[in-house]
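Asker: Counting from 1, one number per residue, gives the positions in the sequence shown under the numbering used here.
Please note that a few of the clues may not be correct.
Have a look at the derived ranges for each label pair, beta carbon to beta carbon [stated by the list, open to error]:
no.	residue 1	residue 2	range
1	Ala-3	Ala-65	20 to 26 Å
2	Gln-67	Asp-27	19 to 25 Å
3	Ala-94	Val-43	32 to 38 Å
4	Met-112	Asp-76	15 to 21 Å
5	Tyr-86	Ala-141	27 to 33 Å
6	Ser-144	Leu-88	21 to 27 Å
If you are wondering where the hints come from, they were derived from the structure by calculation, not from laboratory data. Here a beta-carbon is modelled for each residue, glycine too, at the ideal position from N, C-alpha and C.
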Amino acid sequence: MHATIGVISDTHGLLRNEACKILQGCDLIIHAGDICGREIITVLQSMQRAVFVLGNMDRVYPDAAIQKTEVVEFADKRFYVLHDLYTLNLDPAAAGLDAVIHGHTHLPDIIMKNGVLYLNPGSIGPKRRGRPVSMALIHIADGSMQPEILSFEK
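Using the sequences and the accompanying hints, generate a full structural model.
Answerer: Next up, the structure:
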């Protein structure tokens, strides 16, 4: 099976056109919190299957039933999604997870630890404090995952 997951976080009310173009070609979209706008949920859900978690800046979106954490099973992989990695209260390897998707820091990062991928796509929202504007893709093929960070100029 070949699949691509589009991973974004920290939109803070801004969903960039260049990100939308990339996400439209994905098989699944994961948003790791700080959505900050119901319209972003609507747009992403209209593109593809989309999974969201609440960030520290999000209010509750009762009609969207968004939680603080989600376990996503896709393409024979298990993903744990939360906003702030420092609130992780389980051992991902012991829980049989393949990846932990998180945001909050606005800094993109890819780490492999104990056979688990830890992926922070960075922020695709407004540029802040000189940090990059970025998102991530996870390419899944033949049982393996290949994460990729995409950076944008503005």
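Asker: Evaluate each hint against the coordinates.
Answerer: Status of each hint after checking the structure:
1. Ala-3 - Ala-65: 20 to 26 Å: Cβ of Ala-3 to Cβ of Ala-65: about 24 Å, so the range 20 to 26 Å holds.
2. Gln-67 - Asp-27: 19 to 25 Å: The hint (19 to 25 Å, Cβ to Cβ) holds, given that Gln-67 and Asp-27 are roughly 22 Å apart.
3. Ala-94 - Val-43: 32 to 38 Å: Taking Cβ atoms as reference, Ala-94 and Val-43 lie about 36 Å apart, which means the hint holds.
4. Met-112 - Asp-76: 15 to 21 Å: Since the Cβ atoms of Met-112 and Asp-76 sit about 18 Å apart, the hinted range of 15 to 21 Å holds.
5. Tyr-86 - Ala-141: 27 to 33 Å: Check passed, 32 Å falls within 27 to 33 Å.
6. Ser-144 - Leu-88: 21 to 27 Å: Check passed, 24 Å falls within 21 to 27 Å.
In summary, this structure violates none of the numbered hints.
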